Amino acid sequence: MSHTCEDCGDTFETLTQLRLHDCSPSSTSASPTDDPVNSEQLDSLLADVENDDFDALHQAMATYETRQATAHEQDNTDWYQEVSRTYREPLVTALDDATRANGWEFLAEFIDAYHPTTAQDFPHVTTIIQNVTGRYLIRTRVSDAVEAIPVEALEYFEAILDDVEAEYGYIKEGLHPYGWGIGHPEHSVADRVHDHAAADIFVVNPMLEHAFYADQHTAMDLLERILKDDAIQHTIRHPSGEITEVRHLLDAPAGAASDFWPTIPRYWEWNEELEYDFELADDVAQRIRALVREHGIDEDLPEDWEITDLTL
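If you read the sequence shown in full-length UniProt numbering, its first letter stands for residue 1, the second for the next number, and so on.
Just so you know, the hints here were simulated from the structure itself, not pulled from any lab data. Among the hints, a few may not be true.
List of simulated lysine to aspartate or glutamate pairs, DMTMM-like, C-alpha gap at most 20 angstroms [stated by the list, open to error]:
| no. | residue 1 | residue 2 |
| --- | --- | --- |
| 1 | K172 | E147 |
| 2 | K172 | D191 |
| 3 | K228 | E279 |
| 4 | K228 | D191 |
| 5 | K228 | D259 |
Note that the structure is predicted; figures quoted are calculated from it, not measured.
Construct all of the structure, not just a fragment, from the sequences and the given hints.
As structure tokens, this is what we get:
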């Protein structure tokens, strides 16, 4: 399917070509001064998507990317945030609906076009694609099995994990559903998460929590493996005082055992849609208790402490 740029009128065979083509600023339909959000064009495109014109979604994503890139280049934070607040959720919803209607290949085209390896910096639509890919991972894992998750989806998360830095807060949080791929026969999420634990323990914690929802026994294996790795040592500041990486990571299974469901991917109550229930297995709970005793963490807990007391 060909894709036409509504700004310059050129036609391209692939979404990647549309995204990367050199569109002259003189041909764009709005400037930051005239229309910072360019609401009329984006609203029109999203309305077309609601009428099942999925090619309009390609153009809407390209328009969002272009506007955000311009705002970033001009260091116009207000404009950038206004576009994000106004259009990120509608674009997530549109892409998610289109993916459910058209299947994985539809989403894969966006992953290829806006892959982290296509540019020096992360594309501005990264959080949108992450969100929908995370939903796809979770739905697939729950409805089918881990083997049904496309390897390309997991490799997309891996590529982001390899390059993400501290300032990319929204992109880092979008990595959390990567944990749902744990146990995949063709892509070792456990190995990637383990390797990353030495560099950034903070993003590992929520990925590990998602992994517990997916497969708590394999996730417990990973937790024990990380905690036995002498190369992974962190001292973390916390309102209660400094804590170790052991104490920090025990928050992951405790979070899964609590009544508070993860809010990532954003704009989606995944546990309600999928009617998902989780109960920590007795043998996993015993393994957690053994770690708590081994590291002396029980000294700071109530005498009759529960796993949920380990939440931070």
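Comparing the hints with the structure gives:
{"no.": "1", "hint": "K172 / E147", "result": "violated, 25 angstroms"}
{"no.": "2", "hint": "K172 / D191", "result": "holds, 18 angstroms"}
{"no.": "3", "hint": "K228 / E279", "result": "violated, 26 angstroms"}
{"no.": "4", "hint": "K228 / D191", "result": "holds, 14 angstroms"}
{"no.": "5", "hint": "K228 / D259", "result": "violated, 29 angstroms"}
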